[in-house]
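Colleague: Going line by line, the protein sequences match chains A and B.
With this note's numbering applied, the first sequence closes on residue 198, and no number is skipped along the way.
With this note's numbering applied, the second sequence closes on residue 557, and no number is skipped along the way.
These aren't lab readings, by the way, just hints derived from the structure by calculation.
Quantities reported herein were computed from a predicted structural model and do not represent experimental measurements.
Warning: the hint list may mix true and false statements.
Said to hold, decoys possible - Chain B side only, calculated, beta carbon under 10 Å to chain A, not exhaustive:
hint	residue
1	Ala186
2	Thr192
3	Gly200
4	Met201
5	Ile224
6	Leu240
7	His243
8	Phe244
9	Gly251
10	Ser252
Note that CB positions come from ideal geometry on N, CA and C, so glycine has one too.
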Amino acid sequence: MSTMATPLPETTAAWKLPYRGEVGMACLIIAESAIFTIFVVAYLYYVGKSLSGPTPRGVLETPIFYTVCLLSSSLTIHFAGKLLERGRRAAFLALWLLTVILGVLFLCGTGQEWHRLIYQHGLTISTNLFGTTYYSLVGLHAFHVTVGVIMLSIVLLLGLAGRVGPEQSRRVNVLSLYWHFVDAVWVVVFTVVYVLGR
Amino acid sequence: MSSDAIAIQTAEAAGRPWVATLHEWVTTVDHKRLGVLYILYALFFLVIGGIEATIIRIQLMHPHNDFVSPQVFNRMFTMHGTTMIFFVAMPILFGFANYLVPLMIGARDMAFPRLNAFSFWLTAFGGLLLYFSLLGGNGLYGAGNAPDVGWWAYAPLASRAFSPGHSSDYWTIALLASGFGSIGTAINIIATIVSMRCPGMTLSRMPLLAWMNLVMSGMVLLAISPLSAAQIMLLVDRYLGGHFFDTQAGGSATLWMHFFWIFGHPEVYVLIIPCFAFASEIIPVFSRKPIFGYPVMVGATVCIGFVSMSVWAHHMFTIGMNSYANSFFTITTMAVGVPTGIKIFNWLGTMWGGKIQFKTPMLFCIGFLFQFLIAGLTGIMLASSPFDWQLSGSYFVVAHFHYVIVGGILFALFGAFYYWYPKVTGRMLNESLGKLHFWLFVIGFHLTFDLMHIPGLLGMPRRIYTYEPGRGWDTLNYLVTIGAFVQGIATLVFVANLVISYFKGTRAGNDPWDAWTLEWSVSSPPPVYNFASLPTVSSRRPLWDLKHPEDPDSRYE
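Assemble the whole structure, with the sequences as input and the hints as a guide.
Modeller: Structure, rendered in structure tokens:
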């Protein structure tokens, strides 16, 4: 007898709690924000402390076009999610594909900028403090965009295989939360690196 | 009938090849098994960290001793600190959280079982990596193996120039891996508590253990992440030639200190809050009274969570901050004592007028209460920056934080072991061995750590390899080492108790302590699915309601 479970009253009334996927992603975003905060603090702390060139004022160019790409991808992924909820799969896939393209465009922009900085200005991660902090902060963000693009592409492939329907829209929304976060971080990085840091 | 079922199970288990059992444990995603894995893993490292502590103490037993070389001594205190914080305290507390939280909130598993397994193996991998440095740390330089830069790894000591070879890389990557594991587990605990509570389990009815683990996990998200960020920066410096902490290129050594302690101080609360949770579950049961001031307890925990995020630079009073920073961190550090004091009064209020049963778990909790109080008092002393200028980096500080970690955290953990061991294994821990363990440990603890304050006050610096005779430190250090051995013997008694009771202990039944939370409603050990049907609760003490239908708690809510 003693090993049997003590009977407890069973479930009756409706009992609704937040969706665990969204809670988990919110927590991940909090943790990631703390990581980015530390890198942003380091960047701001070291602005103008490099002992040698090149300086941000001399070599950085504001990447307006690629910023517009990344920020507008937040809109496309938002509406893609809405369309999926309503069951309009083809429109969802089209917007989702657009999101992936915008994300890849942004990464190309970062790549171009780095190429220019390395080959024209000779700025690498070990050149000076500016190089160290710049490549770490922008690189950390680009890494997050890359991870996001990979995950978006997996959903895209599954969608093309016909596996993504309205019943998955909650999960898809969790992924778009991450994507919105990556975009929001870019707003901060952009402000810090291209506005305040110059 | 159910005992037949168990007999069949055991027979099946005995008949199965050990590879199959091993495979089951390695691939498990069950929160109870992962909890046990976490705890066993941490106990293994506890023994290793204990051996390192013993080596340190033997070396310091006499002046001019040369039990180990200075290089080995540096490695020993580095590995001891790193091991005890990251590979004993963190995993053991995560293990308890993993095991208990779903059971106490009436859930069948954690929110993300696979993430749970992933986090455990990341942490396990981190620990192995740290100790692999003993083999692989030499690198091409022949420059020493295990990390020897102290557990803070202050810049520029940890930079390539001063720490050649790979020892610091192993330290960094081990902490990075286990840090990601910790963040994963914290996410999991929060999602479980927010989204998986059984019907009726509102936030205000949740057991305090769940509340405190929720706060602890939130702090892990905010405290471990900066450490991970700082480790990435250190790796950039060491591998890619970056200049974050390179003072030759305009970098700042102070920035590393800030980043490390932004993690380091909240970490203390990450470790102690789950221990508050154990005390908050154990003290009411053995005082036969509900917890005193439940809402205040929750409020104080959340308050500690917030305030402890803004006290980190009290570890850095001696580096020459301006007077505003010194005052700010002195005030916040003293302020964090207020919610902590509230908790101590709440536990005393719970015991006041109760029918106290002095079983082993309760003894350890009472030890925890008094010792944690003293640890808090020396903490208030050190919070005052002028006092800290005199004693920072001395054995007084070492005595203070060991008072917190051993006298507070470890005592509460031992209490938790005695309290929940019956639930995990189905057998009681032996009470006489338990009392022997308690008294031996109390004597050893006080011999070591009470006396350790005095050489600190007399000016003995921490991390010192050896010392001159005749400074008044000799006898004290000798006694401190004896105390360490007494603690070692007490720990052996504990391990013996764990092993003997697993095979010979009296059977526990569902609810050996006549307790009130949901984990005691299921069999011991609990079935894989935890609850056959999800329970519904209508008060903070669901089992009290069940045992006393004539006077349930829910009537007073």
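Colleague: Now tell me if each hint is right for this structure.
Modeller: A quick look at each hint next to the structure:
1. Ala186: Since the shortest Cβ distance to chain A is 7 Å, the answer is holds.
2. Thr192: At 8 Å from the nearest chain A Cβ, threonine 192 of chain B passes the 10 Å test, so the hint holds.
3. Gly200: holds, 7 Å
4. Met201: holds, 9 Å
5. Ile224: Since the shortest Cβ distance to chain A is 8 Å, the answer is holds.
6. Leu240: Hint on leucine 240 of chain B: holds, closest Cβ of chain A at ~5 Å, below 10 Å.
7. His243: holds, 5 Å
8. Phe244: holds, 6 Å
9. Gly251: holds, 6 Å
10. Ser252: OK, holds: serine 252 of chain B within 10 Å of chain A, min 7 Å.
Checked against the numbered hints given earlier, the structure satisfies every one of them.
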